[in-house]
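There are 2 protein chains.
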Amino acid sequence: MNAEILARFYGVIPAGGVGTRLWPLSRAAAPKFLHDLTGSGSTLIRATYERMIPLTGDRIMVVTGMAHRTAVLAQLPELADEDLVLESEPKDSAAAIGLAAAILHRRNPDLIMGSFAADQVIGPVEVFQDAVREAIATAATGKIVTIGIRPTLPSSGFGYIRTGAKLEVDGAPSARDVVEFVEKPSEDTARGYLASGDYLWNAGMFVAPVSLMLEHLARNEPALHDGLQEIAAAWDTPERDEVKARIWPTLPKTAIDYAVAEPAAAAGDVAVIPGVFNWDDVGDFAAIGRLNPASESTGITVMGDGARVYSDDASGIVVSDTKRVIALIGIQDVVIVDTPDALLVTTKDHAQSVKKAVEHLKASGDIDVL
Amino acid sequence: MNAEILARFYGVIPAGGVGTRLWPLSRAAAPKFLHDLTGSGSTLIRATYERMIPLTGDRIMVVTGMAHRTAVLAQLPELADEDLVLESEPKDSAAAIGLAAAILHRRNPDLIMGSFAADQVIGPVEVFQDAVREAIATAATGKIVTIGIRPTLPSSGFGYIRTGAKLEVDGAPSARDVVEFVEKPSEDTARGYLASGDYLWNAGMFVAPVSLMLEHLARNEPALHDGLQEIAAAWDTPERDEVKARIWPTLPKTAIDYAVAEPAAAAGDVAVIPGVFNWDDVGDFAAIGRLNPASESTGITVMGDGARVYSDDASGIVVSDTKRVIALIGIQDVVIVDTPDALLVTTKDHAQSVKKAVEHLKASGDIDVL
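Residue numbers (the UniProt record's numbering), protein chains in the order written: chain L, 1 to 370; chain R, 1 to 370.
Since the hints were derived computationally from the structure, they do not count as laboratory data. Among these hints, one or two may not hold up.
For identical chains, the list gives no copy identity; a pair is met inside one copy or between any two copies.
What the hints assert, rightly or not - Dumping the calculated DMTMM-like pairs for lysine to aspartate or glutamate here, alpha-carbon to alpha-carbon at most 20 Å:
| no. | residue 1 | residue 2 |
| --- | --- | --- |
| 1 | LYS362 | ASP312 |
| 2 | LYS184 | GLU239 |
| 3 | LYS323 | ASP366 |
| 4 | LYS356 | ASP312 |
| 5 | LYS348 | GLU50 |
| 6 | LYS348 | ASP313 |
Looking at chain L on its own, in the form it has when it is part of the complex (with noise of 0.2 Å):
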């Protein structure tokens, strides 16, 4: 690819999202994307913005909600002021993603935009970023170009990207043509998908033109479009935070894929790279497993600085928030999350229902642990 497309190239991470399936670890206070959930050292978020540096240098945007802009920024400490967008609510994603596009739109109509969310394990970096690279190659074609994951097993918990015939882009070898997004299906549709070879998981990952987001926008999600704009008027002026706090609460919430993705599927204009490298979107405790192999003497995958765990014949995950003494005996594949306000313990089988349990302790008024 020439340097002349890449110097068009600037990153999008929307961080929003509490990760209910991972409470009490990860809560409204503390989200996902502020953890390290692979024990690398890093939080979800540094990696991912370290993940872009190659492609972009310091041309990252983040878009997170107000209440996280210290702890973003104890993350991200490069992050220009105006390169920070703070949500006084949260408005979903099209609003997210949308207002990075109009931003970038007033500051360069050429902009050629990458959004990746904050809360995703990729690797190795150098598979994901040729994917990128070939993702913009796409775009500069005029393409909203997403990149699909390869399915692994037949999950239901992920919506699906059909694609369609090979595309012929210089600098992008594996660009195909999008026939249309898929919700999440059942299990035995999954199974055909799977078999096909015809399906990618959509991971959320969308780099296109800032122009040809926001004319799909305009097109699908009018009040949305002008609200954004108004406030992206604003951004690089002194009435920045005076325009937001007066448009942004006032603006539909939806989802990209709805007010963009599928609409411009439809249309012709979007393409998918085939992404071949590991992605995890740490969903449950159970990816947590996953990703952190467990202690060979003990069966154990602890995280956590401070813990002290001991076990006896025992298996499964312990999560320490705490400087707590853990003691297990005779229990397997047991998930164990210790917080100084709350404690969760379940088993793998069960990671999906930790969902069940946050919203039963919002009925019931337990809020201040969620």
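Given chain L, put chain R in place with the hints provided.
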């Protein structure tokens, strides 16, 4: 029984033993007898004390560790200063019960002592008190009398008492001779004991003339006997503390079973009253489950005033010593003990293995949580 005999009766409560299998609830600084393990609202030592009052009035002596002075007095504010025997270090049951016998003997050589551990659960109390009355009547004939528990299962966790011929004692229709005390048997042997009907569980309950206790102690452990007599001679004088501090650390460490009960039985001096009350020594968390029924709606036994437990498809026991939210999901027969500095997660089937964990923690230097 005539009032004259009952007037000779004095209660003794040895309050020792950490209750290692109930860690981390029970521990050195807060042993088993200082906990309410039945949800009755009373600690075990308070319940033990109140069970004896109808027989003794306030004539009750407590032998416990120096460290528990404040906690024991908080539980038993009625306790007279001269009836609180504080051990500067643990010296096992022969020294503890023997010192009580020696002090009481100084006060009145005709006294009959009744020694009952501080950490057992007994009911109905009237049935227990009837058994003690029979034991007092039998002791008055010049016997060391134990109250043995009618076995309900072939337990290999208790010592047994082999009963002999029926005795003819006024006021003690169920009194029998004791042939011998036997150590904890194998489960097979225990099955034989249960089938024979000749064996009772040894619950460590002794009712005996203090003079007869001291006589056997002098015969079997003369050094211990002489040391205890020296402390007893100073007990109700200003020299109490000085003499105790000097002598106690030099005393031999042995169990009352070896020092008195077994040799006395061999000499034909021991009788037994079969106890037909319910009895539990609350030896482990499985016992906590037996003694505290699970909630019908959740299947979980919850102990702890501040407990905030959410469960979904789970069963077992939660003992909470914190105000944390505890969420249990998809896990059966679990035992969770949540304290500020230590957490235990095990199953009812592994309740006995908790002791091993404590030994491991001791060996690895984690004594702050023991």
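The hints, checked one at a time:
no.	hint	result
1	LYS362 to ASP312	between (35 Å within a copy, 15 Å between copies)
2	LYS184 to GLU239	neither (41 Å within a copy, 83 Å between copies)
3	LYS323 to ASP366	between (24 Å within a copy, 12 Å between copies)
4	LYS356 to ASP312	between (30 Å within a copy, 9 Å between copies)
5	LYS348 to GLU50	neither (30 Å within a copy, 48 Å between copies)
6	LYS348 to ASP313	both (17 Å within a copy, 14 Å between copies)
Violated hints, listed in ascending order, are 2, 5; each of the other numbered hints is respected by the structure.
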